[in-house]
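Top line first, the protein sequences correspond to chains A and B.
If you number the first sequence the way my numbering does, the last residue is 557 and the count never jumps.
If you number the second sequence the way my numbering does, the last residue is 353 and the count never jumps.
Hints listed in this document are in silico derivations from the structure and should not be mistaken for laboratory results.
Do not rely on the hints blindly, as some may be mistaken.
What the hints assert, rightly or not - From the derived model, a few chain A residues whose C-beta atoms are all more than 10 Å from chain B:
hint : residue
1    : LEU24
2    : GLY178
3    : HIS243
4    : SER245
5    : LEU250
6    : GLN256
7    : ARG273
8    : ALA312
9    : ILE525
10   : LEU528
11   : LEU532
To be verified - One-sided excerpt, in silico: chain A residues whose CB lies under 8 Å from chain B:
hint : residue
12   : TYR391
13   : ALA469
14   : THR510
We put the CB at the ideal spot given by N, CA and C, even for glycine.
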Amino acid sequence: MPSHSSQDPEENLPDWLKDLRKRQQQEGDIEPRETAPEQTPSGGEPSPEQKGEEEPEWLLEIRRRHQEEASTQPHRTPPGEGSEEDVPHEEEGREKTGPRLTDTPPAPEEAQEAEPPKEEERGEKEPTLPTGELPDWLQGAEPEEKGDQESLQNEGATSVPAFSQNDIEPLSPGEVPSWLEALRPGAETRKSRASEEEESTGPLAGLSGVLPAEPEIARFGYTPSRPSRLEISENQQRHASVLERLIATEGQSVVDQSQVRILPIRILRYVIGVLLVLATTLPLLVGGQAAPRPEMEAYPESARVYNAIEMLPADSPVLVVFEVETSLYGEVAAPASAVLSHLLQKQGRLVFLATDPTGPALVERLLTAELAAQPSVATGDYVNLGYLSGGIAALRQFSADPRAALPEIARTGEDPWTRQALENVDSLDDFALVVIMTSEAETGKAWIEQSGTTLSNGLLMVSSAQAAPVLLPYLQSHPATLNGLVAGFSGASYYERLRADVGLGTMYWNAYSYALGAALILILIGGLYGRTIQSGSDNQTSTGEEHSNADQQ
Amino acid sequence: MPISNEALPLIGTAVAAALTLFAFSYLLGDNVLFRLAIYLFIGVSAGYAGAVAVESIVAPQLILPLQAQIMGNPPTNPLDLGVKLALSLLLLNKLNPKAARFGNPVMALVVGAGAALAVVGVVQGTILPQVAAAVSYFDVDGLDLALQGGYYGEAMGILAQGIILLLATGGSLAYFHFGARDRGMQAPQRSLLVDALAWIGRVFIAITLAALFAGALRAALAALIERLAFLINTIPLLFGGS
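The following block holds chain B by itself, in its conformation from the complex:
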């Protein structure tokens, strides 16, 4: 029996609702339905990603130009096609354990280029701007102006802001400092100053981790709300037809 075009979305919605309920069944413990939903999700995601990769990358950038080359329609940039073809063939050797080493240069190129770009990006986009932002908290000019104008509350705020930022930054860095002086037969121990800063840093790190955990919790609750809202809107539609 052919499926009408109007029924296809309904079937898709029904399948989505069923899979949502399968995922919720994990509340009762690990079971076959939950595993079915997970396996489907993983399989469909991998299959879809592969299909997109083939359709969007492999076909238009490698197969079709190669086909055109064979058919007598050479591409505008044959060197580009040759490099792509060679690197692709070398990388395919990774499938065979015996010939996997031939794909190492390609992997090295990918990893090396990615690492270089990541390092440059981190330095230019994160470290330097964040350091500059941290330094801006020590607003010496603003503090001077506030004191001159008699705004002692503002001045105290600026001073406290700088002190807190300094303690937080120094303490967080000291927390990850594990160097200690050798004391012979006794266990190595950090200096008292580093220990004290590390204790302060531990507080700020705990606050940061708590904020990250709170964000993850909020995201999870949001996903739960969205799915429950979907079920509330879908189940009457499936059973009631409206």
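One chain only, chain A, in its complex shape:
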């Protein structure tokens, strides 16, 4: 063991190196290093040196100095220095060097793939430190390695191998791929040097290694086709695979699970239909007034209609616009007949109009089916202006100038404005009352927006129950555009109660009440049942998730 200074240099060495030294000391011999055969930088390509190209002088100088120093004394190369200078230049007679003391031991595969010539070059190129500058531990370690390195010195070796040659498998020449070869520093230089040609144009024709007379950009030719390789990351590959699976499953039919539930749903539909029909039919068959009628203060908007008609002078022209769809005629007929009956009772001169093609026919049907007993209807003392076409524009025109909008009754050809009911009517405001009977909220809104603001008395409306929620806010608008509303069977029953009359509203009120009650009960039961099923499925889902989490844990 060499003499150590106060700072034992051996303590600074890594543990693996200490173990190795001990082993070597025990074995007591270091095999001479083998000379590395001549290798080419890549598979089969001759090196530039083999081609006879000249190495730079600085490299030659370094090699020469290195050989001289190696012949005199062993030297240590600073760690990390050799890995950066990876010049692929090779010389004849380059010797293979083993792993250096200062280098970290490479993996066996890496050791085989690593190019010994590179390590040789590192060993040859790296300058050695002057002896005076060597650290103590390195100076102290020199004597004991002298004996081990004799054979290495004889071979021109420059370092003590960290591993016994018996432990090192001879490295086979590795094949450097072309893309790696291209990444080597100096590869472009080597390539450019390899591709140098003699200049063929200009005053320097015949010389090589000169700047081209013609710039590259001036040289025409076919542009080299560069292979376009799409480089994608793993994440992108994953996304692409997911998309591919989605597209592949696009055409595959999925088993419709809802088909399994057809029978229960059909049975449920039958049960609900039968219940509603029974709840509706039985009261109609039995008759009577078992269900309580609406209270006197239930519908103040209907009371306003009643009051407005009650104050109607006799023989006053009343415009009734019939905007009822055929499908909802049955519902609107009840409140419409109640209001028309009241108007006829007050001896109002009714003038009917419709902006729907089926309106005039439905008006006639209502009058003949429900109000045939009224004298005015029986004698035909009313005016049916017919169909007013043109939509909103027609409403606007009729509100401004009714005579111009409907110069005649089309189906009869007569001039209605000569009739007694329309003698003094020149504008919409000349009518004592304007009553809109509609089944759709949009139609009612159109009349309110186009003509409601121009009327001094406002509009009265008879509507279906589905339009009432949309029309109710207009009762409170400022200025008033809608003065009263009678909606659905509820409004009809209430209106008939105000008039102490019995009509369609009263006849249907029992059935209506019981049908509403049955519908309400079915909705509640169905909602509770659906909520129970949903909560049960939620519990199953959460239980399944808990089990899966527990399994994962």
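With chain A fixed as given, assemble chain B onto it according to the hints.
Same frame as chain A, now just chain B:
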């Protein structure tokens, strides 16, 4: 065999009853009878509307004046007739895909005029009056009077009315506000205040939709009752004769 005048209404009633039963057969599922009733309804409605349009509009306003013009009886307003004729002929080009573009000016006139009237009507008839009605709920004078008179219950009612209306209006508008601040990589998110108002607005919107649904349900039940009443009155008449 000629059909008497008294039998015609009876036949019509019988057909109506049969079609009503066909429509009710949908309870058992989609079937041929229901489809027959629907197709008849659509066809008759379209045919009747077309007949009314021709009888009430086309004939008296276009064909008859044109006929009178040809016969040497010029109408009182020939310019009016000319404009109607020209626009009608241009609109007829819509039947031919190749010449459909010639009908575009007429369609533009119809759509443009309708849109303009609709906008004016909405502003004058709905927006302004409804806004005024909403403002009237904030009866500051009434609240002041109620407090001065010691009617604290009335005052609380007026105050609650205003607060509820304000929350309902603001919340409903906030519900349809979808603007959010960009937060870089994170998903855009509305402000907490807008979110809170939107949650309140959702409640009122749900109540409104429920009211609309209830109205539709009531209308449907009313139609069912009317049809069942018709069948109850008609079937004995058809079979019993009284």
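* Hint by hint, which ones does the structure fall short of? -> Numbers 7, 14, in rising order.
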